[in-house]
Amino acid sequence: MMKDPFGGIILNIAFRVLVPFSIVYAVYVLIFGEISPGGGFQAGVALSVGVVFSRLILGEDAPFNISGASALILAGIGTFIFVFTGWISVLTGGHFLDYGKLPLRMEHVNEIHAMGILSIEVGVTLCVMATVITILDAIVKRSDDNGSA
Amino acid sequence: MRGLVTILLAVLTGVFCTVVSFLPPIGSQDSAPNTHITPVYISQSEKDTGSPNVVTGTLADYRGFDTMWETSVMFLSGLTVVLILNKSTVGRRPEKEDDYE
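Chains L and G, in that order, give the protein sequences.
Taking the numbering used here, the leading residue of the first sequence gets 135, the next gets one more, and so forth.
Taking the numbering used here, the leading residue of the second sequence gets 16, the next gets one more, and so forth.
So that you can see chain G by itself, here it is in the shape it has in the complex (with noise of 0.2 Å):
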């Protein structure tokens, strides 16, 4: 089993490693991410926005909705790591027959 894991991984290294020399040069006006809808934000941001800054157009307008989610899960951490730190006992199965009371 040791032995299949490892070939197994083997593999993958090597898929990974032979895969990253064909992604297109970091920068490269021709790859994916560069050619759909990047260049409309960039150049549209500040009129649709009101923003100059391409970021924040970004991150609270044209994504505005997975910012609200972020927003979410950090309030869920505060208020997991709260939960999980206080010594109450809410959602806590009592010890003994006594607790109930």
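One chain only, chain L, in its complex shape (with noise of 0.2 Å):
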């Protein structure tokens, strides 16, 4: 099913107007998640809106396209970046996840807090992005092998 796009030239030209917003979206709300509603889990949702729209439409060669297998390595990096940065601050002399602590110059404390909340959403969005695409190519795979689809 996905090795073959399914798109038309009614769903391509849309494509390249959805695409670029869903992803250009994303990264709003994860930049502006400390000071509007969002943050890192609506963030990779709608980063892997993105990708999934690509693949769906255009197939296997789409220009976003992420294959399973690094998408599941991707996830584990986001993870990974979250804990990380909780050790950061272990090794600087702070409790696990204490943001003041971060090895980071700035005025106020609370800048420093800002910045770590960043970095631990931006783990949070590769993670769920990832987790995402997993799951559709791995549905895809197996739909593909039964050859139901």
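No lab work stands behind these hints: they were computed from the structure.
Among the hints, a few may not be true.
[Stated by the list, open to error] Each pair of labels, with its calculated beta carbon distance range: (1) L:His242 x G:Val34: 26 to 32 Å; (2) L:Ile207 x G:Ile52: 37 to 43 Å; (3) L:Thr226 x G:Leu23: 33 to 39 Å; (4) G:Leu38 x L:Ser277: 26 to 32 Å.
[Claimed, not checked] Some chain L residues near chain G, calculated using beta-carbon distances under 7 Å: (5) Phe166; (6) Glu168; (7) Ser201; (8) Thr265.
We put the beta carbon where it would ideally sit given N, CA and C, even for glycine.
Once you've looked at the hints, go ahead and assemble the two chains, each given alone in its own frame, into the complex.
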């Protein structure tokens, strides 16, 4: 099913509008998650929507395609970023996930806290995006193998 | 046995319905969660976490450990789906002796 794209000319044109918007919106939700509604989980889902759309409409050779194996590695990297942020503050003499102890030069402690929050949100975003793509890829691969699609 | 289960369920439902009527009204200032730590979070969040958004401050900073395990659960669920759905022979018992070769 996913080896052959099912996009006709209408879906191809609509895809060119939809996917960049959803990806830009996802990055906006991620960066502004601290000061507005949003955050890592929502940004990850919006990013994965962009990738899934491009995969559905353009097939395997889509520009934003991420294969299942590398998506699983990305999910691990995302979780690792989160935990690593926690360990950095342990190594610099604080508690686990104590953002105030991150080795950054900033005027106020709460700005360092904001950077720490942003860092873990990036990890959450990567993990959620890659997990959604992984699940899609596993389902698609199974249906391809069974020949039911 | 079925009658016993029915009676037990009826009693439990009655207890639940009775207890619900003793709960404080939603948004009450005197309820336990609104008097213990919530006012501290709401008033100190921006100063402590540097995030004007109370939800993000609570989720990522005050409750960062919780969010870390949520992310781990997400990763593990994706991993589990792949392991279940992929037709690999990893961890599967071979059906014939030939499969060992």
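Consistency of the hints with the structure:
1. L:His242 x G:Val34: 26 to 32 Å: violated (46 Å)
2. L:Ile207 x G:Ile52: 37 to 43 Å: Roughly 39 Å apart at Cβ, these two residues keep to the hinted range, so it holds.
3. L:Thr226 x G:Leu23: 33 to 39 Å: Taking Cβ atoms as reference, threonine 226 of chain L and leucine 23 of chain G lie about 56 Å apart, which means the hint is violated.
4. G:Leu38 x L:Ser277: 26 to 32 Å: violated (47 Å)
5. Phe166: Interface hint status for phenylalanine 166 of chain L: violated (9 Å vs cutoff 7 Å).
6. Glu168: With a closest approach of 4 Å, the glutamate 168 of chain L hint holds.
7. Ser201: violated (12 Å)
8. Thr265: Holds: closest Cβ of chain G sits about 4 Å from threonine 265 of chain L, inside 7 Å.
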